[in-house]
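Residue numbers (our numbering), protein chains in the order written: chain C, 820 to 1439; chain P, 2 to 106; chain H, 269 to 1166; chain S, 424 to 629.
Please keep in mind that the hints were generated in silico from the structure rather than gathered at the bench.
Where hints are given, some of them may not hold.
Non-contacting residues of chain H with respect to chain C, defined by C-beta distances greater than 10 Å in every case (computed) [unchecked claim]: (1) Lys470; (2) Phe481; (3) Val485; (4) Thr768; (5) Thr904; (6) Phe1012; (7) Gly1071; (8) Leu1090.
Facing chain H, according to a computed beta carbon distance under 7 Å, are these residues of chain C, among others [said to hold, decoys possible]: (9) Leu823; (10) Ala826; (11) Leu830; (12) Trp1181; (13) Ala1211; (14) Leu1305; (15) Ile1311; (16) Ser1388; (17) Met1390; (18) His1393.
A virtual CB, placed ideally from N, CA and C, is assigned to each residue, including glycine.
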Amino acid sequence: MTPLGSALVGLWPYVAAFLVGWFVPRRQGWAERLGVATSALLGVVLIVGLWPVAPAAGVGDDKPGEWPHLLNLLVFLPIVGALGVLFLPRQAPKVLRAVTLAILAGDFVVSLWLLGVPMTTGWHFQYIATWIPAFGIRYHVAVDGISLWLVLLTTLTTPIAAYVSFGSIRRRTKELCFAILLLQGAMLGAFVALDLFLFYVFWELLLVPMFIIIGVWGGVERIKASYKFFLYTMAGSVLMLAAILYLVWVHTDLVGYPTFDYLALSRLSLPRVAAALCFYAFALAFMVKVPMFPLHTWLPDAHVEAPTGGSIILAAVLLKLGTYGYLRFCMGMFGGAAWQSGATLAGIAIGLGILYGALVAWKQADIKRLVAYSSVAHMGFAMLGLFAGTRAGVEGSVLTMVNHGISTGALFLLVGVIYDRRHTREVREFGGLAKVMPVYATIFVIMTLSSIGVPGTNGFVGELMVITGTYVSQSLGGFAKVQAVLAALGVILAAVYMLSVVERMFFGPLTNRANRRLPDLSPREVIALAPLVVLVFVIGLFPNIFIARMRPSVNALLEDYEQSWKAHSEMPDHGQARMRAQPEGPRRKGYPEPPPPRAEPPGAEAGREVARLPTEEDVP
Amino acid sequence: MIVFGDAAEHFVLVAAALFTIGAVGFLVRRNVLVQLMSIELMLNAANLALVSYNRLHATEMTGHVFAFFVIAVAAAEASVGLAIALTFYRLRSSVYSDEADTLRH
Amino acid sequence: MDALLHRLEVLLPADEFTLLAVILLMPLLGAFVNGVFGRRLGDQAVSLMGLASIAISFAGSVVAFALLAFAANAAGSGESGHAAAATTFVWRGWEWLTLSARAGYSVPVEVAFSIDPLSAAMALVVTGVGLLIHLYSTKYMEGDPGYYRFFSYLNLFIFSMLVLVLGKNLVMVFIGWEGVGLCSYLLIGFWFEDGANAAAGKKAFITNRVGDFGLIVAMAMLVYYVGSLDFGTIAANRSLLLQDLSYWPPWNRLPLLDWMQTQSDWSVLSTVHGWVTTPWHASVATIVALALFLGCVGKSAQIPLYVWLPDAMAGPTPVSALIHAATMVTAGVYLVCRMAPVFALSPFAMFVVAFVGVSTAVFAASIALVQNDIKKVLAYSTISQLGFMFLGVGVGAFAAGFFHVVTHAFFKACLFLGAGSVIHAMHARIHATDAAQDLRNLGGLRRFMPHTHWTFLASVLAIAGFPLTAGFFSKDEILYRAWTSHLAVPVPDGKIPGTTVTMTGWPAWGPSVLFWLGVAAAVLTAFYMGRLYLGIFWGEFRGWRIVRRFRPRAAGHHDGASGAPGAPLEGPMPRESPLAMTVPLMVLGALALVGGFLNPHQLAVLIPGFHFAPVDDFLAPVFATAQSFGEVAIITHTEAGSVLAALAVGISVVAALAGLGIAYFIYAMRGGTPARELAERVPWLHRILLNRYWIDEVYQEVPIGTVDTLASAAVWVDRWLVDGVIAGISSGVVRVAGTVLRLFQTGRVQVYATAMVIGVAGVGWFFALPHAAARAFGDDDTGRYSLTAAPGLGYGYRWDADGDGAWDSDGFGQVRDVRFTLERERSRTVRLEVENAFGLRSMRRFEFTRPKVSRARPAAGRNTVIEIDEAGGARTVTLPDGRKIELEAPSPAEEGAR
Amino acid sequence: MILAGIVYFAVCALVVLLGAVGVVASRDPIRSAVSLLASILGVAGLYLKLSAEFLAAIQVIVYAGAVVVLFVFVIMLLGPDAGSRVEPSRARPSRVVGAVVAAAVALAAVLLLLPRDHGLTSFGEVPAGFGGIEAVGGHLFTRALLPFELATALLIAAVVGAIALSRGRGVIPKAPPPPVNPTARMFGGPVHPRDAGRPLGEEGMR
């Protein structure tokens, strides 16, 4: 066989997927076809390319092929792009949009590079630069198997959100482009930052563009909603800042030099009360973002008032920052306190997240509000998996984060579609839409099924893993089984509220005259939705390609979690803070070393004794 | 023997006195133009102190450079301040700062 | 033939049985093509695609079945007629995910499928009946705008059902399980323009979800206790399920209860405390089996979750035939058979299965007695028959229960298709769904629709249990086994191993109660089926006045809007359905008549020593594991051919004939008058049955109402408590603080400037004061210490470096450093005084103490610091993580001695 | 020689302080401006005494030559309104504060001039090139380059701000926007046929 022929044979799944995708849209339109076909192709590439294989033997500490500046590029491409957009003329919105989309697409392509290396234990694409040496602040970014997926989720959903926004928002395009790009950079930065100072900077930075997006392009009550969003999140993170400073101070006291580095601060074993206080300071910041009861009420308001693109980003990425933060920082740094509070918090996540959120969602008349409350329920699952602290639980939780980003993001997009057409989101305004908008109805039903966790879609995988992971959890103690059973009740309620809204919107007679002539999805909307639909099934059918990559990281994290709990439980009641053993092997890479001794005479701090004397000659 | 005018303390004293006069002028006068001039006096006092201390640590030029920047800032401040004064005069036909009370209440 | 099978066996090895992939993927392909491209392909291509995919799948199932039989035969001949384990062909797709069990143990879940005799039989039924119903639908659904959608859903359903049947582990079964539920949801709401249909679909889905909840819990428990979800592994390790599970109280410790315990004054409280803290025990097997059974109850429409099935008849009739009669609803029975090794470990759970089954059988049959909608009658009949199946599997007669699944698929599919044929005919003039299938509008159709009539009759006889029909053999076997089976506790001493907890056994009154309830259900079944048959096909046609050469007027296309019997409506002669619809009827009717001879146990009553039960023999290896546990035989029963068996056969024949006879007497000979008289004499009973015991209303009020109230309360809490209180309090604090701080903002430039000047003056004051600050350096090891005073403009210094309390010099100089040496355990107080250019002074003391042993310097980095005392021995070792190890801690006494 | 130094310092300090008092005390702003000029020149003299030749030059050029002239311009622009009125003299807390601070500084001066046994701080020898243009420039363009650039940005911002402020909204009527923005050419004409003839940036606004 000729090389060309064999290449064609090898390529047949891609070609087939592309062709099927090409022929799927019913109406003629090459843009639509190209978008869907590309999504199908990407889906196959994803499956084939990411199929988990045993890592090649001898993958050592020096990971070959990891370009150290990849994450810098990833984070700063949008931020620099945002600044660049400021220099483009606002009179040419098409150019602005094109540039923004190009930057976001470029970012997505760059992020695909992350998939090119095996996600072994430890940090990847690590880049460290000194930033403020006096306080031990470094620019330290890296990904592991957990943040990898959240980064990819971000780079995937933000372009979609931007693309959708450009379809419906015609006002102040320049500012919109700036906000979206800055938001993207800040979100990515928060996911990859391993220095707490850097993390905090990104964490706060992303509030600003989101605040602007809600406050400028939002609905009627947008000002109130954006303030609520901002204040809730800010209040939580201020406590986190205090806790960070305390940790740095303790570290300096113990080891002799300050550092904000996650690797070092996560080795601290604090006295119990201090650990609990720091844990709750961090947890509060994250739980506001997640959000967990009773800090969740900003979410429905923000979602309802935010423009479609803002809602998508909010649901798909911003909420994940809360769960990710809990996983990375609360569990990573205060394993003992997290373990101890796990059962209580899991109770809140189930009773006041999964069940309560579902009940409230059921009663909402506004579709967007309903989806927002369903987020509360879904994030309850994600948090439950973390509280359980088992491998399946944590993996399921990370997968649930991704799933929620995809399905809820798509649902918000779909709600935006109908809002653009009818300028209302009241469920009772609709009914029988399946007749006039069949494609729309089909995709909405697919996303609903994903949201309620029907097997074969992505939602099920996460829920199953979380529930079984909860059942076998040690950290939840005697409550694990009851809590698993109660969480499983959530799957019933999810079906109740989601199917109710589907029934009321799409089925039944077409009664409202205004809905008679609604156009079905436009090519732009189809293209935006196609990758999400493809991903629903890719994750649902081949979850292992995602789980296999996060497994080493999750294992390492849980191992540390358990050790941290042991150290915490062995700590006497009025014990002193101390450092735990430093991580071994690749996970230690990038650990902040003590600064070199200064050339000047010793004693940086006046009046503080330093165990070094002037040399012999100095002594009279 | 250190004579009058050869000690750092004397220069600093002049600077302190100049600053005090400027501050008092800013507090006492209501004329925006005079207030701006008082600010210039205070900036000069700061500059004088900077240069004196720099003379004390003569291996570095930081104080001079700093004073240089202060002069630049003072120039900027003067131009903007005077522009504000002009605009204020145009709006209120007055140069007295206590008549700028739109934001009160 | 054998040579061909040999070839195939080589081609398809048992552990790489790719034929399963073909069987599974063909319907999926059909669903995809029809769903996505269907509208462009046209109806012809759609039906061809649908039919062809199912036909290939069916052919594949036949081949797989033949190979299984062949392999079983080979194994059987090799091992002298007794197969030890069931032959299983496996196809592994890919690893789906990995769960974690206790202690981090991994539980891989594969996308893997296997076919053994049980699933082969089920797959044959699914694809076979599915094929026939597809064929039927090509005509039945003709002209429907959603034609392609219908076939897409139907193919998807077949795919999901095959996943369910062929799944190698519980997760795969669950995927199929929810998949069929989804297809059922879509197909019930197929004509979604009618709100009632969509609501019925939703009801079905949500009710099924309640059952799925049980399945998820069961899966979690199996992961925890067995560490696997693979059927083979579960069966092999089922002894792990014989553990004690104390499921009450669920908490470890509750403060409230502790308080209650201490209240000895109030005996009520301590009594309550005693009640609520008394632990309740069960074996894990019982809980797992009951959780699984909750899933089965939902899917197979048993009490209390049967309510969705009657409503599900809103879907097109072929859907009712395929999904809600022949295949999907029997999935619960299939799952119990599949998990038989687990169920058999718990006699209590088995009794629950059997009792729920037989109660449902009687209950649903009683409702079916008075319903007028023919599809509703068939729906309740389905529920009732499913109850029979559960009775069968519940008493341990897994093969019998499963055989009833097969025969029921034949006759119930035939009945539904027949009903569909009738409705199709009625649509000539009556288009309202309810009216077209109302018994009061039918009658006398045997003259117009002979094919439908005869096949319907055959199925009615079969379901009624008329001797020698399929239903007779299967149902009678169930009843007989209900009477004669005995289920033992799987452990010899009746206690859960390692505990003193007694396992609940099978009650003594169980068999007889189950049997007589079953007989009652059989009588009722025969009666209402007779009523249905006679009502449709006998008597006069009541739909409309038949007019020769009827010509529909343009406006006459109204569909008998009144719907009431005897409406003045004219129409043509009802016509027999086309061939594509009657051929499936005939095939299924024939199977309903003769299908029973696949397993004719009962002939042993007539012919002593007769043994011919291919189905039983074929399935026996599958259920062999469940029959016993270790040495203990769990399921035993009196062998066929005995007097008891004969008696049982006799009773069930009498029951069937009595039911049919009464129906014939009432409806054929007396035209239904006795029934009406009875209804007038006991109106309450009639009303109860007609309104289906008001169960739907009760459900609407009690569980749904409760959840509804809860949801309203939650919304209230969310709006007023969470948002009102939390946000209110914080905003109140901010408002008060803002009001206070606003007082300072006068808006006057001079005031701000004054504040600034005060601040600057403060800073100036600080600088005007002298500050006697100094840095201390020292080394405890050498005892050398030094102090360096901080510089200041115009500062003069004087020291008291020797600590004698007098200044070293009277005046102030420029000496900024002092150095001195200390002995061990000596202290010194050094004083420093500073005078500045303004003549102001400031003094400060510095205490120096050289310790006995140098104080440890905090470990920096990864150094291990070893401190050495005077004697030269190591004292403390500081590890890199900051931990200190005291090597020898001198006691105070020792200290003193030194 | 020593005496000359003492006299020089005394004269300069006197000019500085008297000029400052003149700035604050003169009722007529133009007198204040002239006093300011004197004070600034005095400071320049002190700079010379401190071997800061370059700064002294800058002080004269920038302050005396530009800033004070700017003040004079503005005062002339405002004409007689610029301070003819007698200022209201109510006893305000700011005056009290000012008086107290001034008294404190005077006290400090007296204290400072009293003799001490440890003496005053001497300046010491002047290194070669100290305070020259080379030394300052070398520092400015190496270590302080970034602030230097930022200072230029600040000055530009100040210029723009001053212009924007003094243009005045109500005085100069706003020019009507050009019909088609020139940037349209840059990106190939009107963005959409629908928007032809409409100013860019409003396209799609409904």
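Consistency of the hints with the structure:
1. Lys470: 5 Å, violated
2. Phe481: 5 Å, violated
3. Val485: 5 Å, violated
4. Thr768: 21 Å, holds
5. Thr904: 34 Å, holds
6. Phe1012: 23 Å, holds
7. Gly1071: 17 Å, holds
8. Leu1090: 12 Å, holds
9. Leu823: 29 Å, violated
10. Ala826: 25 Å, violated
11. Leu830: Result: violated, 21 Å to nearest chain H Cβ.
12. Trp1181: 5 Å, holds
13. Ala1211: 4 Å, holds
14. Leu1305: Since chain H brings no Cβ nearer than about 10 Å to Leu1305/C, farther than 7 Å, the hint is violated.
15. Ile1311: 5 Å, holds
16. Ser1388: It is violated, given that the least Cβ distance between Ser1388/C and chain H is near 16 Å, above 7 Å.
17. Met1390: 12 Å, violated
18. His1393: 17 Å, violated
Violation of the numbered hints given earlier is confined to hints 1, 2, 3, 9, 10, 11, 14, 16, 17 and 18; the remaining hints are satisfied by the structure.
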